[in-house]
Amino acid sequence: MNKIYPDAAAALDGLLHDGMFIAAGGFGLCGIPELLLAAIKDAGTKDLTFASNNAGVDDFGIGILLQTRQVKKMISSYVGENAEFMRQYLSGELELEFNPQGTLAERMRAGGCGIPGFYTKTGVGTVIAEGKEHKDFPTGENGAMETYIMENGIFADLAIVKAWKADETGNLVFRKTARNFNPPAAMCGKTCVVEVEEIVPTGSLDPDQIHLPGIYVHRIIQGEHEKRIEQRTVREKA
Amino acid sequence: MWDRNQMAERAAQELEDGWYVNLGIGIPTLVANYVGDKDITLQSENGMLGMGPFPYEGEEDPDLINAGKQTITELKRTAYFDSAQSFGMIRGGKIAAAILGAMEVDEKGDLANWMIPGKLVKGMGGAMDLVAGVGKVIVVMDHTNKHGDSKLLKECTLPLTGKGVVDRIITNLGVLDVVDGGLEIVELADGVSEDELRAATEATIV
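Residue numbers (my numbering), protein chains in the order written: chain A, 1 to 238; chain B, 1001 to 1206.
The hints are simulated quantities; they were obtained by calculation from the structure and are not laboratory data.
Incorrect hints may have been included.
[As the list claims (entries may be wrong)] Quick partial rundown of chain B residues pointing at chain A, CB under 8 Å, derived from the structure:
no., residue
1, 1046
2, 1050
3, 1087
[Stated by the list, open to error] For lysine-lysine, the following DSS-like pairs were computed, each having C-alpha atoms within a straight-line distance of at most 27 Å:
no., chain 1, residue 1, chain 2, residue 2
4, A, 72, B, 1076
5, B, 1119, A, 176
6, B, 1136, A, 135
7, B, 1122, A, 227
8, B, 1146, A, 237
9, B, 1136, A, 165
[What the hints assert, rightly or not] Computed, partial: chain A to chain B, Cβ under 8 Å:
no., residue
10, 175
11, 184
12, 229
13, 231
All C-beta atoms in this analysis are idealised placements derived from N, C-alpha and C, irrespective of residue type, glycine included.
Just chain A, same shape as in the assembly (with noise of 0.2 Å):
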């Protein structure tokens, strides 16, 4: 079965609909699927639902959906990179639900292994807790009781995601902190679309090495990337 698409408006072609849930993969802007982002863009889909650690800046990363008004709801524990967004938030246009880090990362992997909720002591006593179903285990010291919350399992109509390398029967390898949140991001899609860097024959990836098996990739594109670095932070030399 080829997976393997010429670009990334071939590959995200019958996937996309208004209203659609898509779980995102990157962090700030590094690991980004910049080239899915932008087709997603020009295909026009409108009232999307994002889960995506951040939101991007003004115009790169999810920023550019934000520009065009695509975007109804962000799930997402840090937005503070984005002008706009905090202007469409702040005016009433577009929905925001903060989770913690953490608990987000476990959401996208536990819907992406069939678990549809979980507890975590993350949140509980803050603002996260409220309305959410609480529950003691007797995890402390000697067996005391302590107290955890469920948090769902997300479960995305697709999932866009960023790799380094694939292989043709979709292995992915990712590069340094540019993995963070696309293995859990790609888990969780019902279809999931990557975008790597190079795409090299099956067989040339140590299957050792791999670190994210083809069975969450269903569509793969090569392209040139933009890579842009938000804090550009240097030592001088000694």
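Given chain A, work out where chain B should sit, using these hints.
Positioned in the frame of chain A, the structure of chain B alone reads:
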């Protein structure tokens, strides 16, 4: 009174050889400069253990950033992993300590450091997961805010990041522990009297 670097230096004394540690943004980041000979591995919650210093100019890698989105470098010991595993090790108590900044801490160890109602809300990022999961939560912050009001309160007024999560507080005036009934003075900063510290603290000092 301690300055930012002295607070970071004091915080570094809390870290024990062999620990895996997560440092927050701001003064906590400076703690890395003072670990000395101790074998400390820094975690960056976007998916890295063994965080190295900033790169030399021209060697920045867009695929290699820390949780503050700054370009960094790797070390020989570095390991990369995805965000679910990263917070798995945080939630699972594998990270010995987190050193974080704060807006408010109260005498029950409640911490507020992510949101001021009515002001721009950026999000909690990984702070709620860290304070809920790591072994020891050490707060490093100024003792008072810019209006001179105490940041060590009887009860936090801002939305919480975690309830009963703080173990130790290091401020420009000294070091305090969260204990039964309030805060306990562990150490005074250079040139600071106990009366001065008490006067700048709203929380109960036991």
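So, going through the hints one by one against the coordinates:
1. 1046: 4 Å, holds
2. 1050: Result: violated, 12 Å to nearest chain A Cβ.
3. 1087: With a closest approach of 3 Å, the residue 1087 of chain B hint holds.
4. A/72 - B/1076: Violated, because 44 Å separates the two Cα atoms, which is more than 27 Å.
5. B/1119 - A/176: 35 Å, violated
6. B/1136 - A/135: The given pair, whose Cα atoms are some 24 Å apart, holds under the 27 Å limit.
7. B/1122 - A/227: 23 Å, holds
8. B/1146 - A/237: 36 Å, violated
9. B/1136 - A/165: Violated, because 38 Å separates the two Cα atoms, which is more than 27 Å.
10. 175: Interface hint status for residue 175 of chain A: holds (5 Å vs cutoff 8 Å).
11. 184: With a closest approach of 4 Å, the residue 184 of chain A hint holds.
12. 229: This hint holds: residue 229 of chain A lies near chain B, its Cβ roughly 5 Å from the closest one there, short of 8 Å.
13. 231: This interface hint holds because 4 Å falls under the 8 Å limit.
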